[in-house]
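Residue numbers (the working numbering), protein chains in the order written: chain C, 12 to 427; chain G, 12 to 427.
Don't take each hint at face value.
One copy or any two copies: either way a pair holds, since identical chains are not told apart in the list.
What the hints assert, rightly or not - Listed below are the simulated EDC-like cross-link pairs for lysine to aspartate or glutamate, each with C-alpha atoms no more than 20 Å apart in a straight line:
#1 Lys201 to Asp17
#2 Lys253 to Asp423
#3 Lys253 to Asp359
#4 Lys201 to Glu227
#5 Lys253 to Glu120
#6 Lys201 to Asp328
#7 Lys201 to Glu228
#8 Lys201 to Glu120
Because the hints were derived from the structure by calculation, they are not lab data. Nothing here was measured: the structure is a model prediction, and the numbers come from that model.
Chain by chain, the residues:
There are 2 protein chains.
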Amino acid sequence: MSIQQDVVAVAELARAASHGLALATRAAKDVALEAMAGSLLAHEAEILAANREDVTRAEDGGAPPNIVDRLRLTPDRVAGMAQGLRDVAGLPDPVGEVVRGSTLANGLELRQVRVPFGVVGMIYEARPNVTADAAGICLKSGNAVLLRGSSSARSSNAAIVAELREAIEAAGLDPDVVQLVPGDGHDSVKALMRARGHVDVLIPRGGAGLIRSVVEESTVPVIETGVGNCHVYVDRAADLDKALAIVLNAKTHRTSVCNAAESLLVHADLVETFVPRVVAALQEAGVTVHGDQAFQAHDGVVAATDDDHAAEYLSLDISAAVVPDLDAAIAHIRRFSSQHTEAIVTEDVAAARRFAAAVDSAAVLVNASTRFTDGGEFGFGAEIGISTQKLHARGPMGLPEMTSTKYVVTGDGHVR
Amino acid sequence: MSIQQDVVAVAELARAASHGLALATRAAKDVALEAMAGSLLAHEAEILAANREDVTRAEDGGAPPNIVDRLRLTPDRVAGMAQGLRDVAGLPDPVGEVVRGSTLANGLELRQVRVPFGVVGMIYEARPNVTADAAGICLKSGNAVLLRGSSSARSSNAAIVAELREAIEAAGLDPDVVQLVPGDGHDSVKALMRARGHVDVLIPRGGAGLIRSVVEESTVPVIETGVGNCHVYVDRAADLDKALAIVLNAKTHRTSVCNAAESLLVHADLVETFVPRVVAALQEAGVTVHGDQAFQAHDGVVAATDDDHAAEYLSLDISAAVVPDLDAAIAHIRRFSSQHTEAIVTEDVAAARRFAAAVDSAAVLVNASTRFTDGGEFGFGAEIGISTQKLHARGPMGLPEMTSTKYVVTGDGHVR
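Isolated chain C (complex conformation) (with noise of 0.2 Å):
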């Protein structure tokens, strides 16, 4: 069989599988949920022995340290998977939730409840605790999972899910709900983007290649999560304290992730009160500032390009650039932003208005870090990704996310 047929062979597995699970209650999905986040606890040790054969692969192919720090998984790392297994069994089933209904002129009762999508495939990259989040994220909302992990951490993520799936099948339900697709190569990749039909919906997660990748090959529908090169503007009427500890925030409290901060505007009238604070502040906690003129005039400034100004860093840097005005900065993220998450700092109601009617990202914050923009901070206790496109899902993505709709119409008899 090819790889295509493979791909195909175990994504009807899962359709097939995926039927039972759309009807299974809440009950059975939470015991189900349990039982997995029990059996990676019970099988702590094959698992951190399976993860020892990746790590040990990726140190003597020579991968960098902080790619093999995301693929090494621990004790607590694997507690981690398992209670986030248990986190997800406490929050709502999002299936069957009635998100619209009434009764029409004629008597029809319509109502709009939400149904899982069917079969969904991951594509991710080497952290094998993506493969538990997956895999009780779909489960919960109704979905067959089809799991394609980076190949470098091959050995974890089959030990987990078949440990995943003893427990799914040890709670009466369909293991075939969770699946590794066939296959390491990019062969295995290219064949699930072009499952369609047999596949609902790809998610990839990872790095803009990636993504780029899938968004442009799939056949498949796609839903795109995460590049973000996110901006925080400085108005004229902001207080430069919160602005300060903002940008701060934004860039420096984790830097390796899609919400930080990546570019700075300051409005021209705080050219001699608030630069010279900011870039001194970023300089001290190790933030190397690429300015335009007005940033370069402070030691230590490198010139900014448009590259920098596109750049998604994800890294102690910043691209920094003085606007004349409140629509010059809405004219620069247009210009430049990913569309994920915009920040404003000011005390001016019309500006912050203007600001978050104009700019058009996932989020728009006023007077807050970009930092929180994420499932948790949110509210909806678990998250898919950051979903930076405008069809279905924009922004954090919880389980009614991971759902479909379907209007139920029940008459009597009626006809036109």
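Given the coordinates of chain C, assemble chain G onto it according to the supplied hints.
Frame of chain C; chain G shown alone:
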């Protein structure tokens, strides 16, 4: 300039115009919609003259009468387009609707708000009324629209769009929110499908071939509409009078539409009581029944193939099969349905509940004709199409389905 550059150029004009439209008040948009309606009525003569060019060209080219009929405008049809625009003016503005909102534990105020997509592309066949409908729905939902109708309707579409743009400008909005896609050939359709980043969403409206080609070739996100192989399942516990009325209505009320029934399934217990009645009634109404062996026992029933069971006839034909039980009906539907609309006729609550839960279609009807799956019938007031995909929108798409959302989060210097 290449056709791709031409298309990107109009898309960029649309983008620029969309920024203002996104911020326009409902009042400003309704004034424009009323002006658009008035302009079509005031220039009926010019529009009909342009349409005569298209009709003559189609007739000279030997187009079949039903195609010419779809293409032809009359004073009544122009009045219908104008009324459609006024109806849209009467509908609530989806932009700015707060979908959900909460105050987080840390005091951050979270609101998820409806916003326009930005730039919408419409690809459709030779129905000039779609030009006005789509322009109205897009304008009200705050979206700029690029219209690519059939080249056979080019004179009509050009005349309609010219009148609409004049009215939009007179009403104080940027006329570039409604534009025709340049070019007549497939290369211009292709250019629109490849304008990723310039066009936010493409909506094809038309036959199965058109929709399939857009779904497969487009790199712009697509909302798939309309192919309907709709089933009516007559359960063992059906009221047979209701069943007969529903089957006849679903099949014969209007055959050329996507919510017409194309497939009939009957429970085995009804082979003697219902099958003869429904065959006679369908044949009386001029319908050719393509049946399985049980149906072929009746005069005039022709043998059904798998292709028949999968067909969207859009004509006075129906496929028909007897199934041993409810689960067999569900399995048949899973195999052959296009997941648009399926109906069950039954007085048995458990059967209705199971059918509604297990059938994964955009609409599931209990004791009602498939013909009710329609934006107008559902009370949405305007419909841009019926989505048969699972992402973003499923079923009849009204104004809210023509929007995305964003999160607006307001704090007071909040950091993590």
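Against the structure, the hints:
Proximity of lysine 201 and aspartate 17 under a CA criterion of 20 Å is satisfied intra-copy only: 12 Å inside one chain copy versus 33 Å between copies. Taking the shortest Cα distances, lysine 253 and aspartate 423 sit within 20 Å of each other only across copies (8 Å), while inside one copy they are farther apart (62 Å). Taking the shortest Cα distances, lysine 253 and aspartate 359 sit within 20 Å of each other inside one copy (14 Å), while across copies they are farther apart (63 Å). For the identical chains of this complex, lysine 201 and glutamate 227 are neighbours both inside a copy (11 Å) and across copies (15 Å), given an alpha-carbon limit of 20 Å.
Taking identical chains as interchangeable, the C-alpha atoms of lysine 253 and glutamate 120 lie at most 20 Å apart only when they sit on different chains, with a minimum of 17 Å there against 52 Å within one chain. For a Cα distance limit of 20 Å, the shortest separation of lysine 201 from aspartate 328 qualifies neither inside one copy, at 34 Å, nor across copies, at 40 Å. When the C-alpha separation of lysine 201 and glutamate 228 is checked against a cutoff of 20 Å, the pair qualifies both within a copy, at 8 Å, and between copies, at 17 Å. Within a single copy, lysine 201 and glutamate 120 get their C-alpha atoms no closer than 44 Å, and across copies no closer than 42 Å, so neither meets the 20 Å cut-off.
Hints 6 and 8 from the earlier list are contradicted by this structure; the remaining hints agree with it.
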